[in-house]
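**Q** Given next are the chains, with one letter for each unit.
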Amino acid sequence: MTTANVYQQRPTTEAKAESPLFHADLKSLIGKGRSNPGVVLREKKLLGHLTIRGNGHDPAFAAGVHKALGMELPGALALVSSGDSSIQWLGPDEWLLIVPTGEEFAVEQKLREALAGLHIAVVNVSGGQSLLELTGPKVREVLMKSTSYDVHPNNFPVGKAIGTVFAKSQLVIRRTGEETWELVIRRSFADYWWLWLQDASAEYGLSVAA
Amino acid sequence: MLHIFCPHCGELRSEEEFHVSGQAHIPRPLDPAACTDEEWGDYMFFRDNPRGLHHELWIHAAGCRQYFNTTRDTVTYEILETYPIGTQPQFVNPAPAIRKGDQV
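Line by line, the protein sequences are chains A and B.
The first sequence begins at 0 in numbering that gives the first Met the number 0 and counts up one residue at a time.
The second sequence begins at 0 in numbering that gives the first Met the number 0 and counts up one residue at a time.
It is possible that part of the hints are untrue.
Said to hold, decoys possible - Estimated spans, in silico, between C-beta atoms of each pair:
#: 1; chain 1: B; residue 1: Tyr66; chain 2: A; residue 2: Arg185; range: 50 to 58 Å
#: 2; chain 1: B; residue 1: Phe45; chain 2: A; residue 2: Glu202; range: 24 to 32 Å
#: 3; chain 1: B; residue 1: Leu79; chain 2: A; residue 2: Val5; range: 45 to 53 Å
#: 4; chain 1: B; residue 1: Phe90; chain 2: A; residue 2: Ala75; range: 44 to 52 Å
#: 5; chain 1: B; residue 1: Gly85; chain 2: A; residue 2: Ala75; range: 29 to 37 Å
#: 6; chain 1: A; residue 1: Lys15; chain 2: B; residue 2: Pro28; range: 42 to 50 Å
#: 7; chain 1: B; residue 1: Trp39; chain 2: A; residue 2: Lys144; range: 49 to 57 Å
#: 8; chain 1: A; residue 1: Glu71; chain 2: B; residue 2: Leu1; range: 49 to 57 Å
#: 9; chain 1: A; residue 1: Ala16; chain 2: B; residue 2: Tyr66; range: 33 to 41 Å
#: 10; chain 1: A; residue 1: Lys144; chain 2: B; residue 2: Phe90; range: 49 to 57 Å
Calculated from the structure, these hints are not laboratory results.
Since the structure is predicted, the reported quantities are computational estimates derived from the model, not experimental observations.
Using N, Cα and C, we set each Cβ at its ideal position, and we do this for glycine too.
Please work from the sequences and hints to get the whole structure.
**A** Written as structure tokens, this is what we have:
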């Protein structure tokens with residue numbers, strides 16, 4: 000183990016947790032709107048987000064990550080998923096791991112054990128960012144309105160993840176399925192994205208899913 | 000809008016994802032305390048302003064958030080190459096670009 004101070008950051012008591020879009024009360028919107036929506040939005044809230052930094056060229060680092068997570072360390076612009084967990088490339092020495100709610104503490108310990116002795120960093124950023132999932136036949140149109148990045152399937156296959164300019168801010172776009180995309184957003188921008196996505200998808204019909 | 004090749008992401012991205020961070024290949028003096036005021040002033044404040052090829056530091060701010068170098072033509076704004084920090088450019092100015100009639 001490293002000497003880093005690793006501790007359970009998620010309250011294990013009955014403390015109330017509010018997602019970044021708590022104030023929007025998405026629950027009350029479920030099932031409303033058009034019957035055949037072009038875009039379905041789902042807030043994947045309060046998941047465990049960890050950034051992992053290390054030398055991607057070091058086989059020991061890649062092997063350690065694989066040992067701890069059971070997922071291969073992805074190369075440039077790639078996203079690897081296994082069950083409800085996923086790891087994506089953010090930069091040449093930086094990856095983002097997203098695990099189901101509550102698993103981040105155990106995973107961080109496992110990672111630190113597997114990467115002991117290497118020059119690495121694992122940081123729990125769960126409180127700072129969030130995940131929005133967009134599904135539907137018109138999601139690509141909404142993305143095309145919002146970003147200058149080419150989201151055509153030829154350039155953006157399933158399993159690609161990129162950081163780019165989106166609307167008037169920045170976020171990470173991940174394609175997880177033929178018609179399914181995820182946006183990794185900053186917590187403090189959540190309201191802006193929610194308002195933007197409502198406006199951008201209004202003409203196609205927006206629905207909220209649980 | 001320009002498309003700039005990010006050597007880390009390995010693809011062309013739109014210019015709005017990037018920021019320029021000034022001239023590249025400026026080595027910090029190894030022993031700052033031993034510099035004269037003039038040497039330190041040159042290092043801190045004085046930059047080239049060539050007509051022609053210029054080597055610049057850029058950051059892919061909205062993407063991988065990494066710095067890299069470019070070779071840009073200050074006359075045409077054409078970016079001839081981008082290359083990782085620590086490597087040398089392929090394209091360099093052939094000679095001091097002083098032409099007839101230039102104010103030197």
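**Q** Hints first: check each against the structure and report whether it holds.
**A** Taking the hints in turn, this is what the structure says about them:
1. For B:Tyr66 and A:Arg185, the Cβ-Cβ distance of about 22 Å falls outside the hinted range of 50 to 58 Å, so the restraint is violated.
2. For B:Phe45 and A:Glu202, the Cβ-Cβ distance of about 54 Å falls outside the hinted range of 24 to 32 Å, so the restraint is violated.
3. Remark: the range hint 45 to 53 Å for B:Leu79 to A:Val5 is upheld by a beta-carbon distance near 47 Å.
4. Taking the beta carbon of each, B:Phe90 and A:Ala75 are about 25 Å apart, not inside 44 to 52 Å as hinted.
5. For B:Gly85 and A:Ala75, the Cβ-Cβ distance of about 18 Å falls outside the hinted range of 29 to 37 Å, so the restraint is violated.
6. The hinted range of 42 to 50 Å is not satisfied by A:Lys15 and B:Pro28, whose Cβ atoms lie roughly 56 Å apart.
7. At about 50 Å, the CB distance of B:Trp39 to A:Lys144 agrees with the hint of 49 to 57 Å.
8. Here the CB-CB span from A:Glu71 to B:Leu1 is close to 34 Å, at odds with the stated 49 to 57 Å.
9. Between A:Ala16 and B:Tyr66 the CB atoms are about 37 Å apart, so this pair conforms to the stated range of 33 to 41 Å.
10. Distance hint check for A:Lys144 and B:Phe90: the Cβ-Cβ separation is about 38 Å, which falls outside the suggested range of 49 to 57 Å.
The structure does not agree with the numbered hints 1, 2, 4, 5, 6, 8 and 10 stated previously, though it agrees with the rest.
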